[in-house]
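Peer 1: The residues making up each chain are set out below.
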Amino acid sequence: QKEVEQDPGPLSVPEGAIVSLNCTYSNSAFQYFMWYRQYSRKGPELLMYTYSSGNKEDGRFTAQVDKSSKYISLFIRDSQPSDSATYLCAMSANRDDKIIFGKGTRLHILP
Amino acid sequence: GAGVSQSPSNKVTEKGKDVELRCDPISGHTALYWYRQRLGQGLEFLIYFQGNSAPDKSGLPSDRFSAERTGESVSTLTIQRTQQEDSAVYLCASSLQGRFVETQYFGPGTRLLVL
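Those sequence lines, one after another, are chains W and P.
Our numbering puts the first residue of the first sequence at 1, with every later residue one more than the last.
Our numbering puts the first residue of the second sequence at 112, with every later residue one more than the last.
Please note that the accuracy of each hint is not assured.
To be verified - DSS-like cross-link-like pairs, simulated, lysine-lysine; straight-line CA separation at most 27 Å:
id: 1; chain 1: W; residue 1: K98; chain 2: P; residue 2: K168
id: 2; chain 1: W; residue 1: K2; chain 2: W; residue 2: K70
id: 3; chain 1: W; residue 1: K42; chain 2: P; residue 2: K126
id: 4; chain 1: P; residue 1: K168; chain 2: W; residue 2: K42
id: 5; chain 1: W; residue 1: K2; chain 2: P; residue 2: K122
id: 6; chain 1: P; residue 1: K168; chain 2: P; residue 2: K128
id: 7; chain 1: W; residue 1: K2; chain 2: P; residue 2: K168
id: 8; chain 1: W; residue 1: K2; chain 2: W; residue 2: K42
id: 9; chain 1: W; residue 1: K56; chain 2: W; residue 2: K70
id: 10; chain 1: W; residue 1: K2; chain 2: W; residue 2: K56
What the hints assert, rightly or not - Across the chosen pairs, the derived CB separations fall in these ranges:
id: 11; chain 1: P; residue 1: R133; chain 2: W; residue 2: Q80; range: 30 to 36 Å
id: 12; chain 1: W; residue 1: K42; chain 2: P; residue 2: N163; range: 46 to 52 Å
id: 13; chain 1: P; residue 1: S164; chain 2: W; residue 2: I18; range: 43 to 49 Å
id: 14; chain 1: P; residue 1: S177; chain 2: W; residue 2: E15; range: 43 to 49 Å
id: 15; chain 1: W; residue 1: E15; chain 2: P; residue 2: R175; range: 45 to 51 Å
id: 16; chain 1: P; residue 1: Q194; chain 2: W; residue 2: G16; range: 35 to 41 Å
id: 17; chain 1: P; residue 1: S116; chain 2: W; residue 2: P14; range: 32 to 38 Å
id: 18; chain 1: P; residue 1: E131; chain 2: W; residue 2: P14; range: 31 to 37 Å
id: 19; chain 1: P; residue 1: S118; chain 2: W; residue 2: S40; range: 18 to 24 Å
id: 20; chain 1: P; residue 1: L207; chain 2: W; residue 2: K56; range: 18 to 24 Å
Simulated from the structure, these hints should not be mistaken for laboratory data.
By construction, the Cβ of each residue, glycine as well, lies at the ideal position given by its N, Cα and C atoms.
Using the sequences and the hints given, assemble the complete structure.
Peer 2: Printed below as a string of structure tokens:
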């Protein structure tokens, strides 16, 4: 079993819909959870960062961590065509540990 | 201010040739990371530089891969005797203080194709 599993998609949703992106992981030591957005032919950029379990909201984006289920989610409300990108989850056990990335989910928001 | 820059943007080479990829981090960032992103795969850690400390080379896949960094500035990733499986996007990132979960700012990547 890979350490981090992420459905590669593509996921296509109409503009304005709520998007749910998910990752599962196997290492119970992971405490730091991140979501990166990567536009085509660009480097990833950090979207959300959470520590341990719980929710974190930033504008239209909500990150959710359920450590008991080893499951993390990113919700995008009122999705826009500009949200079309690849979303990578990433996680780490300690602040100085290497980050383990998921393969990324390709998201298309249809106008 | 300027972000992380990488050159070349694209590189096509023949199997067996050496290639050199360059990364210019954000000024003042002490930490620099190299990652490899194969098609349909997540980012794979290669090497990490933090200030004057010895680099963490634990992610380099073989001894054909090496990297250097001059002080807290430019870094070069060298791949010797390239193989077709080296084809990937090579991403460089930098961060202010150098803890992995700190925000890493990525460059646009160098797309390497080995024929």
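Peer 1: All hints, please: hold or fail.
Peer 2: Now for the hints, and whether the structure bears them out:
With a C-alpha separation of about 12 Å, the suggested pair K98 of chain W and K168 of chain P falls inside the 27 Å cut-off, and the hint holds. About 13 Å separates the Cα atoms of K2 of chain W and K70 of chain W, which keeps this hinted pair within 27 Å; it holds. For the suggested pair K42 of chain W and K126 of chain P, the alpha carbons sit about 26 Å apart, so the restraint of at most 27 Å is met. For the given pair, K168 of chain P sits about 25 Å from K42 of chain W by alpha-carbon distance, which is consistent with the 27 Å threshold.
At roughly 31 Å between alpha-carbon atoms, K2 of chain W and K122 of chain P are farther apart than 27 Å, so this suggested pair is violated. For the proposed pair K168 of chain P and K128 of chain P, the alpha carbon gap of about 22 Å is at most 27 Å, so the pair holds. Straight-line distance between C-alpha atoms of K2 of chain W and K168 of chain P comes to about 22 Å, which keeps the hinted pair within the 27 Å bound. Between K2 of chain W and K42 of chain W the CA atoms are separated by roughly 26 Å; this keeps the pair inside 27 Å, and the hint holds.
For the hint pairing K56 of chain W with K70 of chain W, the CA-to-CA distance comes to about 17 Å; that is within 27 Å, so the pair holds. Straight-line distance between C-alpha atoms of K2 of chain W and K56 of chain W comes to about 26 Å, which keeps the hinted pair within the 27 Å bound. Look at R133 of chain P against Q80 of chain W: about 35 Å separates their beta carbons, and that is inside 30 to 36 Å. For the hinted restraint 46 to 52 Å between K42 of chain W and N163 of chain P, the CB-CB distance of approximately 31 Å leaves it violated.
A C-beta distance of roughly 44 Å is found between S164 of chain P and I18 of chain W, which places it inside the suggested range of 43 to 49 Å. Between S177 of chain P and E15 of chain W the CB atoms are about 47 Å apart, so this pair conforms to the stated range of 43 to 49 Å. Between E15 of chain W and R175 of chain P the beta carbon distance is about 46 Å. The supplied range of 45 to 51 Å therefore holds. At roughly 46 Å, the beta-carbon separation of Q194 of chain P and G16 of chain W lies outside the given 35 to 41 Å, and the hint is violated.
For the pair S116 of chain P and P14 of chain W, the beta carbons lie near 37 Å from each other, so the given range of 32 to 38 Å is met. Evaluation of the 31 to 37 Å hint for E131 of chain P and P14 of chain W yields a failure: the beta carbon distance comes to about 46 Å. The hinted window of 18 to 24 Å between S118 of chain P and S40 of chain W holds, with their beta carbons roughly 19 Å apart. Between L207 of chain P and K56 of chain W the beta carbon distance is about 21 Å. The supplied range of 18 to 24 Å therefore holds.
Hint compliance for this structure: hints 5, 12, 16 and 18 are not met, and every other hint is.
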